[in-house]
Amino acid sequence: DAGITQSPRHKVTETGTPVTLRCHQTENHRYMYWYRQDPGHGLRLIHYSYGVKDTDKGEVSDGYSVSRSKTEDFLLTLESATSSQTSVYFCASRFGTDTEAFFGQGTRLTVV
Amino acid sequence: LAKTTQPISMDSYEGQEVNITCSHNNIATNDYITWYQQFPSQGPRFIIQGYKTKVTNEVASLFIPADRKSSTLSLPRVSLSDTAVYYCLVTFSGGYNKLIFGAGTRLAVHP
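The listed protein sequences derive, respectively, from chains A and B. Counting the first sequence from 1 gives a position; the numbering used here is that position plus 2. Counting the second sequence from 1 gives a position; the numbering used here is that position plus 255.
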């Protein structure tokens with residue numbers, strides 16, 4: 003499997019605090035993605051990146067920002083966490099738009 | 256990008272063949288059909304991808320009719336470990352950057 007890791011794997015934070023999740027890949031993939039998945043639901047795209055410093059919004063981007071200063075790292079920031087952002091977050095990367103995507107192990111975030 | 260529609264859930268029994276159909280009426284010439292599998296508490300993983308006719312690998316087969324408006328993922332002789340959510344995606348070879356997953360099909364395999 004491609005080398006893609008997420009950190010942290012679990013996090014509990016308080017409402018109103020900023021939170022940053024990290025996705026790191028070692029495959030030199032151009033495209034990277036952040037998703038959230040809530041119980042019984044599919045994956046919803048938050049933000050994605052198509053190159054260093056090139057990012058765009060997905061389906062559910064409100065309350066989230068991203069940054070990609072290096073090919074290998076894609077950061078997701080919750081500027082002021084809310085309970086509705088309690089979820090499992092997955093990141094993914096792929097080389098091209100017609101190649102398979104590889105996913106990280108997920109980050110379980112709980113906002114109390 | 257073409258929207259996909261697939262059943263919300265399916266049930267099967269060990270040893271049976273399972274066919275999951277996905278419709279993508281607005282698929283474009285440069286689009287591929289891609290399927291992913293997701294086990295509980297894990298990220299999705301790629302199963303198979305095709306453009307037309309039939310593709311087979313060690314895990315599954317993908318059947319795509321000539322009009323490409325639908326596709327069928329076939330899992331031969333399923334086991335309990337095939338219980339998962341299966342996602343059908345239309346992926347664009349021409350550089351469309353997003354990767355959108357729908358709700359998927361929740362397959363439950365029973366003893």
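A portion of the hints provided could be inaccurate.
When the alpha-carbon atoms are kept at most 25 Å apart in a straight line, the in silico DMTMM-like pairs for lysine to aspartate or glutamate are as follows [said to hold, decoys possible]: (1) B:K309 x B:D322; (2) A:K55 x A:D40; (3) B:K324 x A:D100; (4) B:K353 x A:E74; (5) B:K258 x A:D40; (6) B:K324 x B:E269.
Okay, the calculated bits of chain B under chain A, using three or more residues with CB under 8 Å as the criterion [unchecked claim]: (7) 299–312; (8) 334–347; (9) 353–362.
In case anyone wonders, no lab produced these hints; they're calculated from the structure. All residues carry an ideal CB built from backbone N, CA and C; glycine is no exception.
Now the hints, each set against the structure:
1. A C-alpha spacing of about 13 Å is found between K309 (chain B) and D322 (chain B), which places the hinted pair at or below 25 Å, so the restraint holds.
2. Proximity of K55 (chain A) to D40 (chain A) is assessed by CA-CA distance (about 28 Å); at most 25 Å being required, the pair is judged violated.
3. Proximity of K324 (chain B) to D100 (chain A) is assessed by CA-CA distance (about 19 Å); at most 25 Å being required, the pair is judged to hold.
4. With a CA separation close to 18 Å, the supplied pair K353 (chain B) and E74 (chain A) stays within the 25 Å bound.
5. Straight-line distance between C-alpha atoms of K258 (chain B) and D40 (chain A) comes to about 21 Å, which keeps the hinted pair within the 25 Å bound.
6. At roughly 30 Å between alpha-carbon atoms, K324 (chain B) and E269 (chain B) are farther apart than 25 Å, so this suggested pair is violated.
7. Check result for the stretch 299–312 of chain B against chain A: holds, 4 residues qualifying (beta carbon to beta carbon below 8 Å, three or more required).
8. Given as covered by chain A, the stretch 334–347 of chain B passes the check, having 4 residues with a CB less than 8 Å from a CB of that chain where 3 are the minimum.
9. With 7 residues carrying a beta carbon less than 8 Å from a beta carbon of chain A, the stretch 353–362 of chain B meets the three-residue requirement, and the given coverage holds.
In summary, the numbered hints that this structure violates are 2 and 6.
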